[in-house]
Amino acid sequence: NSNPLLYALLEKSNRITVFTVEEMMPHLQGVNGAVTKNLFLKDKKKKGLWLVSARHDRQVNLNDLAKKLGVESGNLCFADEAAMLEKLKVGQGCATALALLFNQGHSVKLVLDRDLVEGGHKMVYFHPMTNAAIMGLRPDDLLCFLKETGHEPIFKCFE
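Heads up: the sequence shown begins at 83 in our numbering, then just goes up one per residue.
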């Protein structure tokens, strides 16, 4: 039932269950690529939703990001798990750009750290919609996946 072409694009790591980037990092010693952290955010006033995928070691300042996205200062905050389950079909600790496959209405916008695709990384590592595994995908293949799902990323630089 699995798609061998998809699995050919992915690089799998040992099966582990983690809930934070800090818990994940010891399992990724020596990998050749960028490890991501993913934040599921909402605009408190207008109910817009964003999935932010950034390098794990980058600072994501919500007030600065709100300005860049045209959201009123102080109104960008973490969305609750119920919204994540409804829109992305994943629970807390499992958000990933791959979950945009389930966002058919395109109500979730993706904010992608520019470094993930332009930083010269061999692979971009993330959860494959479960926090019991970590997988890597080449940056070009990630962009192809996003294009196929109709989710054009909003590229931002994070420090």
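Any given hint could be a false lead.
What the hints assert, rightly or not - For each label pair, taking beta carbons as the anchor points, the in silico distance ranges come out as:
hint, residue 1, residue 2, range
1, Q174, N143, 15 to 25 Å
2, K204, K126, 33 to 43 Å
3, E234, F160, 22 to 32 Å
4, N114, D162, 29 to 39 Å
5, E163, K128, 17 to 27 Å
6, K150, A214, 29 to 39 Å
7, K127, I236, 30 to 40 Å
8, S155, N114, 35 to 45 Å
Stated by the list, open to error - Calculated pairs, DSS-like style, for lysine-lysine (alpha carbon to alpha carbon, straight line, at most 25 Å):
hint, residue 1, residue 2
9, K150, K204
10, K191, K127
11, K238, K126
12, K150, K124
13, K204, K124
14, K238, K169
15, K127, K204
In short, the hints are calculated from the structure, not lab data. None of these values were measured; they are calculated from a predicted model. Just so it is clear, CB atoms sit at the ideal spot from N, CA and C, and this is done for glycine as well.
Okay, the hints, checked on the actual structure:
1. Q174 / N143: 15 to 25 Å: 22 Å, holds
2. K204 / K126: 33 to 43 Å: 38 Å, holds
3. E234 / F160: 22 to 32 Å: 23 Å, holds
4. N114 / D162: 29 to 39 Å: 36 Å, holds
5. E163 / K128: 17 to 27 Å: 20 Å, holds
6. K150 / A214: 29 to 39 Å: 33 Å, holds
7. K127 / I236: 30 to 40 Å: Violated - the Cβ-Cβ distance for K127 and I236, about 19 Å, lies outside 30 to 40 Å.
8. S155 / N114: 35 to 45 Å: 39 Å, holds
9. K150 / K204: Measuring from Cα to Cα gives roughly 28 Å; hence the hint is violated.
10. K191 / K127: 16 Å, holds
11. K238 / K126: 21 Å, holds
12. K150 / K124: Holds. K150 to K124 sits at ~14 Å (cutoff 25 Å).
13. K204 / K124: 31 Å, violated
14. K238 / K169: 23 Å, holds
15. K127 / K204: Status violated; Cα separation ~39 Å.
This entry does not satisfy hints 7, 9, 13, 15, going by the numbered hints stated previously.
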